[in-house]
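Trainee: Protein sequence lines, in the order shown, are assigned to chains U and B. Under this note's numbering, the first sequence has 26 at position 26, and the numbering climbs by one with no breaks. Under this note's numbering, the second sequence has 170 at position 170, and the numbering climbs by one with no breaks.
Don't read these hints as lab results, they were simulated from the structure. Possibly wrong hints are sitting among the right ones.
[Claimed, not checked] Pairs of lysine-lysine, DSSO-like flavour, derived with a Cα cap of 27 Å:
(1) Lys50/U - Lys69/U
(2) Lys128/B - Lys50/U
(3) Lys153/B - Lys69/U
(4) Lys69/U - Lys91/U
(5) Lys91/U - Lys50/U
(6) Lys128/B - Lys292/B
(7) Lys128/B - Lys91/U
[To be verified] Coverage of chain B stretches by chain U, computed from C-beta distances (three or more under 8 Å per stretch; other residues unrestricted):
(8) 1-13
(9) 45-55
(10) 345-355
Ideal Cβ positions, reconstructed from N, Cα and C, are used throughout, including at glycine.
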Amino acid sequence: MTTISNGIDTITPDLVLGYSDQTYTTNVEHIILGGGMSVSLGDDLPREGKLDIFFLNRADAWAARDFHKTAAVFSLVDAALPELNMSYVRKSDQGIRLDPETRIRWILSIGFREVNP
Amino acid sequence: MTDQHRFSAAIATTQLEVIDSTFTLDDTWSPYGQATLRCVIPADLDSIDPREGLRVELRAEQAFGLPTAAGDYAPGGSIAAWTAAFGGSIPAINAAYFRGFNTYGLRDSTTRRASLSLRKREIDWRDKVVTLELATDEALLQTYALVATEIYKPGITSVRGLVINVLALIGAFLEPGSDDGTIDPNASEWVPGVSAWDYLAPLVQTAGLRLYCDELRRWYLVDDTTIIDGLLQLSDASTITADRDSIDLDGDWYDAVVITYEWIDNLGVTQQAWDTAADTTLPQNVLSVTYKRPYPGPGAAARVLSRALGRGRVQAVRAISDYRATPSQAVSITVAGDDTQVGYLSSVQWAWPAAEMSVSSRGLVEAPVTAWVLDTPGVHWADIPVGIDWTEDI
Chain U
1 MTTISNGIDT
11 ITPDLVLGYS
21 DQTYTTNVEH
31 IILGGGMSVS
41 LGDDLPREGK
51 LDIFFLNRAD
61 AWAARDFHKT
71 AAVFSLVDAA
81 LPELNMSYVR
91 KSDQGIRLDP
101 ETRIRWILSI
111 GFREVNP
Chain B
1 MTDQHRFSAA
11 IATTQLEVID
21 STFTLDDTWS
31 PYGQATLRCV
41 IPADLDSIDP
51 REGLRVELRA
61 EQAFGLPTAA
71 GDYAPGGSIA
81 AWTAAFGGSI
91 PAINAAYFRG
101 FNTYGLRDST
111 TRRASLSLRK
121 REIDWRDKVV
131 TLELATDEAL
141 LQTYALVATE
151 IYKPGITSVR
161 GLVINVLALI
171 GAFLEPGSDD
181 GTIDPNASEW
191 VPGVSAWDYL
201 APLVQTAGLR
211 LYCDELRRWY
221 LVDDTTIIDG
231 LLQLSDASTI
241 TADRDSIDLD
251 GDWYDAVVIT
261 YEWIDNLGVT
271 QQAWDTAADT
281 TLPQNVLSVT
291 YKRPYPGPGA
301 AARVLSRALG
311 RGRVQAVRAI
321 SDYRATPSQA
331 VSITVAGDDT
341 QVGYLSSVQW
351 AWPAAEMSVS
361 SRGLVEAPVT
371 AWVLDTPGVH
381 WADIPVGIDW
391 TEDI
């Protein structure tokens with residue numbers, strides 16, 4: 001089961017339909033005047049990406065969208081996919097769409113950025 | 001070369017979340033050290049209020065490796081176990097427990113610590129960023145002015161003695177030293193409303209001295225030509241990322257200086273006196289300064305000129321940050337297409353997280369490839385046979 005909490009309310013999507021992320025390095029590259037290069041190392045930033053969650057009914061899906069509209073730190077816990085567990089904030093866009101096959105299920109796509117809770 | 005740069009800033013025990021920063025040391029500026037930090041706005045705004053007389057502790061480090069976590073240390077917690085395991089050799093411990101980034105292995109980190117006073121804060125509520133401006137303690141002398149209805153006449157004839165007296169007013173102490181000069185007692189009058197810095201500066205300059213506070217709150221009164229130990233070697237083969245070499249007659253370069261002193265004497269008559277210095281009979285760029293104080297005797301103009309002349313040819317070099325660089329240190333700059341330049345570091349500005357520093361130099365001398373300074377390290381000046389010029393050593 002997947003739960004997403006903002007510290008007060010909790011939503012439970014019926015399925016995690018899609019997940020993708022990227023992490024970016026903070027390495028600084030120096031191009032040396034006489035040729036060659038040198039690198040100052042830095043840790044990666046926390047992951048950012050896109051999470052697609054699936055809802056069997058319309059009301060839950062639209063409530064989940066409103067849930068993600070408020071300023072909050074969200075924490076995701078997924079028993080089946082523990083790698084996904086994270087605290088995140090919104091990054092760029094989120095969008096809701098109707099499942100084109102069933103015409104009654106809903107999919108919410110959320111842009112996220114992981115944060116240290 | 002691969003390294004890692006770390007930067008931290010704290011007020012009392014609170015760590016600031018620094019987004020980026022620049023930290024400058026410049027021996028031609030007052031204050032000597034200045035820093036600008038952009039930080040995340042902290043929850044408690046009073047904790048970054050400059051009116052509270054706050055100090056910010058900075059630490060910058062360039063590391064060439066990472067230590068292994070303490071839990072992984074094999075020999076166990078006792079010193080005896082460590083001594084037995086490594087034969088008492090600390091380099092052996094280093095070699096076993098630190099991961100160097102480079103094939104040459106381990107090298108000492110370069111670090112710099114500083115304690116600066118918070119002078120200004122500016123909060124940008126749109127970008128949710130606060131900009132803090134910090135400076136060394138000269139700023140305290142610059143803001144302290146004589147509040148009195150009579151002229152202060154200390155009757156002290158030693159520059160060092162007078163500086164110690166004035167520093168005591170802001171609760172600071174002068175580091176021990178012997179560089180000193182004499183003051184004409186009549187010239188040491190402090191007019192009400194004049195800042196402590198403006199009062200001291202001409203007296204200090206006239207004696208050919210320099211008063212500054214370093215980044216660790218130590219006040220120095222030193223001979224103007226004092227050189228700090230160490231040599232910063234910059235080469236386009238290893239660390240230089242950019243170099244602009246400029247000669248600008250309209251810039252901060254002067255070949256003559258005129259200082260005007262204006263004061264009201266005991267009889268209420270306005271008096272004027274001039275102190276001048278020129279490098280040539282036909283100056284191209286003259287700096288003019290006015291001080292509202294009695295004439296302390298000649299010397300200040302020559303001092304200002306000696307600093308200004310060295311700015312004629314300036315190498316503005318960017319290189320990977322080395323936090324050991326200190327103004328008044330010797331510097332050598334090697335760039336293909338030009339002779340190696342040897343001079344003195346006048347300013348260094350470290351940028352973080354860009355991990356690069358901007359270096360300005362003065363008094364550059366072209367050193368031919370045969371010069372003694374480019375000889376093998378360890379060859380002493382006295383080893384050169386009598387009669388051989390320094391440019392013909394190799």
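Trainee: Against this structure, judge whether each hint is valid.
Mentor: These are the hints, each one checked on the structure:
| no. | hint | result |
| --- | --- | --- |
| 1 | Lys50/U - Lys69/U | holds (16 Å) |
| 2 | Lys128/B - Lys50/U | holds (25 Å) |
| 3 | Lys153/B - Lys69/U | violated (70 Å) |
| 4 | Lys69/U - Lys91/U | holds (11 Å) |
| 5 | Lys91/U - Lys50/U | holds (9 Å) |
| 6 | Lys128/B - Lys292/B | violated (44 Å) |
| 7 | Lys128/B - Lys91/U | holds (17 Å) |
| 8 | 1-13 | holds (count 5) |
| 9 | 45-55 | violated (count 0) |
| 10 | 345-355 | holds (count 3) |
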